[in-house]
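**Q** Here is how the chains run, residue by residue.
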Amino acid sequence: MNAVIRTEGLVKRFGHVTALDRLDLEVTQGETHGFLGPNGAGKSTTIRVLLGMLRSDEGRAELFGGDPWKDAAELHKRLAYVPGDVALWPGLTGGETIDLLGRLRGGIDKAKRDELLERFDLDPRKKGRSYSKGNRQKVALVAAFAADVDLLLLDEPTSGLDPLMGAVFNECVKEASALGRTVLLSSHIMSEVEALCERVSIIRKGVIVETGTLAEMRHFSRSRVRATLKNPVRGLEDHEGVHDLKVDGLEVECSVDTAALDDVLAQLAVAGVAGLTCEPPSLEEIFLRFYGDELAASGVPNGEENGS
Amino acid sequence: MTTAVAEIEDGLGTLAGTGKLLRFQVRRSRMYLFWWIAGIAGFTWMTVPVLADQYTTAEERVGFAGTMSSPAMLSMSGPIEYVNAYADSVGALFTHRMLLWTGAMTAVMFVLLVTRLTRADEETSRSEVIRSLPIGRRADLAAALLLSTIAAVVLGGLLALASMGLEGGDGSSALLFGAAHTAIALVFASLTAVAAQLSENGSAATGYGLGALGVSVLLAGAGNAEGTWVTWLSPLGWSQLAYIFTSEQRWWPLLISIAVAILAVWLAFTLVAHRDFGQGMVAARRGRAEAKAGLKSAGALTFRLTRGLIWTGVVTTLLLGVAYGSVIGGAEDFADGLSEAQQEILDRGGATIQLSFAATFVSINAIVAALFGVLVIGRGRKEEIVGRGELIAAAPVARSGWPGSYLPAALFTATLTNIVAGLGLAAGGASGDGELAGKILAATLVQLPAVWVLIAFVFAAFAWLPRAGWLRWLAWTWTLLVVYFGALLDLPEWAMAISPFDHLGNYPAEDFSWAALFVLTGVAVLFAALGYIGAKRRDLQFS
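So the protein sequences, as listed, match chains A and B.
Heads up, the first sequence is in full-length UniProt numbering, so the first residue is 1 and it goes up one at a time.
Heads up, the second sequence is in full-length UniProt numbering, so the first residue is 1 and it goes up one at a time.
The reader is advised that the hints may include incorrect statements.
[As the list claims (entries may be wrong)] Think about it this way: if two alpha-carbon atoms lie no more than 20 Å apart in a straight line, the pair counts; the simulated EDC-like pairs of lysine to aspartate or glutamate are: (1) LYS70/A to ASP85/A; (2) LYS292/B to GLU8/A; (3) LYS133/A to ASP162/A; (4) LYS382/B to GLU194/A; (5) LYS296/B to ASP148/A; (6) LYS112/A to GLU290/B; (7) LYS174/A to ASP162/A; (8) LYS205/A to ASP57/A; (9) LYS536/B to ASP244/A; (10) LYS536/B to ASP57/A; (11) LYS77/A to ASP150/A; (12) LYS296/B to ASP121/A; (13) LYS246/A to ASP263/A; (14) LYS112/A to ASP123/A; (15) LYS174/A to GLU31/A; (16) LYS536/B to ASP109/A; (17) LYS133/A to ASP148/A; (18) LYS292/B to ASP109/A; (19) LYS296/B to GLU118/A; (20) LYS174/A to GLU210/A; (21) LYS133/A to ASP85/A; (22) LYS382/B to ASP511/B; (23) LYS174/A to ASP263/A; (24) LYS112/A to GLU62/A; (25) LYS174/A to ASP123/A; (26) LYS133/A to ASP150/A; (27) LYS536/B to GLU62/A; (28) LYS127/A to ASP539/B; (29) LYS112/A to ASP150/A; (30) LYS246/A to GLU194/A; (31) LYS70/A to GLU290/B; (32) LYS536/B to GLU74/A; (33) LYS536/B to ASP148/A; (34) LYS296/B to ASP109/A; (35) LYS292/B to ASP71/A; (36) LYS205/A to GLU58/A; (37) LYS230/A to ASP263/A; (38) LYS110/A to GLU290/B; (39) LYS133/A to GLU384/B; (40) LYS70/A to GLU58/A.
Everything labelled a hint here was simulated from the structure, so no lab data went into it.
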């Protein structure tokens, strides 16, 4: 496995605030990696360290095996970056900005650029100051997708895009992935990450709290089971793998640990099943599990119990 | 909520919520207001006793009047009527020497204040939040202008207090001195309010406001040099024409300022109701779909982004040079009209009066040229603050390219504008006199090492202490202070020596030393190297 991005014990402090607290992140070549976390968790700081804009206080960061701080200019030839909040030059048009960013990287494929402008429905003749937030984002996206690079660093790239453009964005990421490009997609839009990413890292307060494929994460999580039975069922409430059990006559609803799934289904089958749905946990649910205490602290009741 | 709605229904209409906004603006701007007012009033406070001590007797003041009555000195101070009153009034001497400059600083303060409170907020969508509250369409402009008026009155009051101790004039002179500044403040605040409505963005509004100030200084200078009506075209001139602390003292010229301010406020309120949020009256034009072939490096981008500033600098310094040049041209006639004793004072060091004027003007030109270089470095810092540099920093560009290219851009700008100023000075001052023109141009080039030191220092400050933006203004203001007021305020030798311009000699009136030029150039190279090391070492602070 070839790591395009690897950080070990990365620490970054701003004064008394520790933004990254021994962060370990690994993104392998060719994968589309989701980087999940709420605002302020350290996503942008991580990306800026990887871009050599910020210097880490401790730990190691590697980009294509090189040092992102020392070899920044050289490494940047192989990547394109879309910031979360794109600030454009008020006097430059979108087209000029895209061309400039392309030429800094050694040239731009004009056909590809024009095709992307078309797909994102972006007017390249408007000045930077008159673009809306979504359109500023599109300028940076067109510049990034038009670039012939090995790595795309996308920091909440779809904030401000409407759903239609969100769909175009998803297409573009899939195409980039098909070309063998590595993508680090920082986001807090779960559906986007679920649709695009093979592997996901969840960051919380500057630490990666979970990393793995979606399948792996689901394995450690719970499925939602709803059943309409023919006869009443017993013993479910005593089962270790069953949570949030609700029984209403012959209607049964509960969350089941993946490991206990076959056991529970067998019990239901004994009672006789008239109807059954079983939903795997959404990424959102997985994500919220890691933030349960923070939600509770802000007064939001957490649907899931804390892990037993 | 209900009370606010009630307020609107009470008929306040487009001004609803002004009071609340005013309190909010006071809170936000208190440090800005404090430092500016403390700076201007404090400077006056400190200068009053120094000047009063220096020119205690009428003879000393008459002697000084001789130096001050040349067109050159008048153009940099005020009308001749003050000079005529030197003998009887220290206050007249003080006002003559100071009003143009404290007035100009006051104008800068209010131009920046009004832009800050109006357009700058719109751009960052801060005021979008406010406009969505039950607050009238004109309320933020009203609050900004109210706050400006309060600040103008406070500043005027403090300046009146500061000048209270000056002899000469009647009891109301100090009050008038303060009011003269209040009037300048009101004119520039209201003109900027209009500019803020007309322009597409905040920096353009600041540009219009400071441009108006530049024109005011030039017009006042041109009018005062020869005592013509041109002074009446300048808002700074109106305050000067009150002849404060002289026997001819009068209040009514300030009424012109007040009338212009009221007219401008009315215009701004009319315009604000007719434009859309975030837009200027002049709609943005569409531009190129593709970049020109030259726009392909961080340096090219820096040049493109500072292009407007460079043109402004070239035009300003050309006008300045030609204006000063005309004064050199008239210097001989002026000298002929002086008594021998006065000529002796002027002929210090055996130089002709033309050469000593030229020496003064080239250093002022150089400091103005350096200002444009300092502004270019400021642009670099702004690129970082607002986060635009992030796209460039993420591209394959070394730190020496971004933000490093702002140093060569600043050096280029300052060098170019200084040479343009010198050409203007030579063209205006040495018509047909090839030798004099040559000396003026040589003197202009002699200034360059000092200009480079200042720019390189400012760049190093940007590289190592990015948050200390005040440092670049302190450095620049200090060089200006030393050239203008160094001798006047009797600053200690070491304090003057901090300014690189203090080591150039007074060429062409006196000789310059090659050694000093080499040392200064060396210092500039050192600061530049230090700056590049800093730019390479530090975190980039994007928003």
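**Q** Does each hint hold? Answer for all of them.
**A** Hints, one by one, checked against the model:
| no. | hint | result |
| --- | --- | --- |
| 1 | LYS70/A to ASP85/A | violated, 26 Å |
| 2 | LYS292/B to GLU8/A | violated, 43 Å |
| 3 | LYS133/A to ASP162/A | holds, 11 Å |
| 4 | LYS382/B to GLU194/A | violated, 38 Å |
| 5 | LYS296/B to ASP148/A | holds, 17 Å |
| 6 | LYS112/A to GLU290/B | holds, 14 Å |
| 7 | LYS174/A to ASP162/A | holds, 19 Å |
| 8 | LYS205/A to ASP57/A | holds, 16 Å |
| 9 | LYS536/B to ASP244/A | violated, 56 Å |
| 10 | LYS536/B to ASP57/A | holds, 16 Å |
| 11 | LYS77/A to ASP150/A | holds, 9 Å |
| 12 | LYS296/B to ASP121/A | violated, 25 Å |
| 13 | LYS246/A to ASP263/A | holds, 18 Å |
| 14 | LYS112/A to ASP123/A | holds, 15 Å |
| 15 | LYS174/A to GLU31/A | holds, 11 Å |
| 16 | LYS536/B to ASP109/A | violated, 31 Å |
| 17 | LYS133/A to ASP148/A | violated, 25 Å |
| 18 | LYS292/B to ASP109/A | holds, 16 Å |
| 19 | LYS296/B to GLU118/A | violated, 23 Å |
| 20 | LYS174/A to GLU210/A | violated, 24 Å |
| 21 | LYS133/A to ASP85/A | holds, 8 Å |
| 22 | LYS382/B to ASP511/B | violated, 41 Å |
| 23 | LYS174/A to ASP263/A | violated, 38 Å |
| 24 | LYS112/A to GLU62/A | violated, 30 Å |
| 25 | LYS174/A to ASP123/A | violated, 24 Å |
| 26 | LYS133/A to ASP150/A | violated, 27 Å |
| 27 | LYS536/B to GLU62/A | holds, 19 Å |
| 28 | LYS127/A to ASP539/B | violated, 29 Å |
| 29 | LYS112/A to ASP150/A | holds, 16 Å |
| 30 | LYS246/A to GLU194/A | violated, 29 Å |
| 31 | LYS70/A to GLU290/B | violated, 33 Å |
| 32 | LYS536/B to GLU74/A | holds, 15 Å |
| 33 | LYS536/B to ASP148/A | violated, 27 Å |
| 34 | LYS296/B to ASP109/A | holds, 14 Å |
| 35 | LYS292/B to ASP71/A | violated, 30 Å |
| 36 | LYS205/A to GLU58/A | holds, 16 Å |
| 37 | LYS230/A to ASP263/A | holds, 18 Å |
| 38 | LYS110/A to GLU290/B | holds, 10 Å |
| 39 | LYS133/A to GLU384/B | holds, 19 Å |
| 40 | LYS70/A to GLU58/A | holds, 15 Å |
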